[in-house]
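Full structure from sequences and hints, please.
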Amino acid sequence: KQEVTQIPAALSVPEGENLVLNCSFTDSAIYNLQWFRQDPGKGLTSLLLIQSSQREQTSGRLNASLDKSSGRSTLYIAASQPGDSATYLCAVGIYNQGGKLIFGQGTELSVKP
Amino acid sequence: GAVVSQHPSRVICKSGTSVKIECRSLDFQATTMFWYRQFPKQSLMLMATSNEGSKATYEQGVEKDKFLINHASLTLSTLTVTSAHPEDSSFYICSARGGTDYNSPLHFGNGTRLTVT
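As you go down the protein sequences, you meet chains A and B in turn.
The numbering of the first sequence is my numbering, which starts it at 1 and goes up by one.
The numbering of the second sequence is my numbering, which starts it at 114 and goes up by one.
One should not assume that every hint holds.
Straight-line Cα separation of at most 20 angstroms, SDA-like style, residue types lysine to any residue; simulated pairs [claimed, not checked]:
(1) B:Lys154 - A:Thr45
(2) B:Lys133 - B:Thr188
(3) B:Lys154 - A:Asp84
(4) B:Lys133 - B:Gly166
The hints are simulated quantities; they were obtained by calculation from the structure and are not laboratory data.
Spelled out as structure tokens, the structure:
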């Protein structure tokens, strides 16, 4: 059974700092890995999607890497801003049942001005 | 970009009543929709997967008679919480995929906060 773990559960940093969020998964049979952002009481916003054949994806100040063999992904946020404060969720897509996503428990990020 | 509209955003109901939550894809045809449940400070737990015109596939431990899912068209799926109880209070989120390619984007609704009194 696929399990997704995110470390740390919460993180507080001063504005401007670079930071790394970690995600690990137990079964490497995935078709992609996605990072999402969730603001309090809201739905999810997709940040980056890495297909299983890819190693990384970049969008603006965000960079996500994927190492399938070790079951790990990282989300790197450069020059953090208070507006980056949110919960970040990683999810792996598995092949059965319509390609469902299995989510980690999230990292709650707070960027202090 | 693609938009998924989820309605209502908040609902309060009395114990024993039923509540229907709608999830609509506004500008694409959703071949597959997923329903998730989220408790405070916890992750999204998949409840069921639905494909248009067929019965939903429920995750282990999810009562199909309690959480009725209907995916009658390519733009609408509904989740009905029947005979709701306080322990059903949670945040429910739907997501929809427009294609059959697993790498096609999943679009999420803004969620429904259900409170059962």
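We went through each hint and held it up to the structure:
1. B:Lys154 - A:Thr45: 17 angstroms, holds
2. B:Lys133 - B:Thr188: It holds: about 16 angstroms lies between the C-alpha atoms, which stays within 20 angstroms.
3. B:Lys154 - A:Asp84: Holds - the C-alpha atoms of aspartate 84 of chain A and lysine 154 of chain B are around 18 angstroms apart, at most 20 angstroms.
4. B:Lys133 - B:Gly166: Judged against 20 angstroms, a Cα distance of about 19 angstroms means the pair holds.
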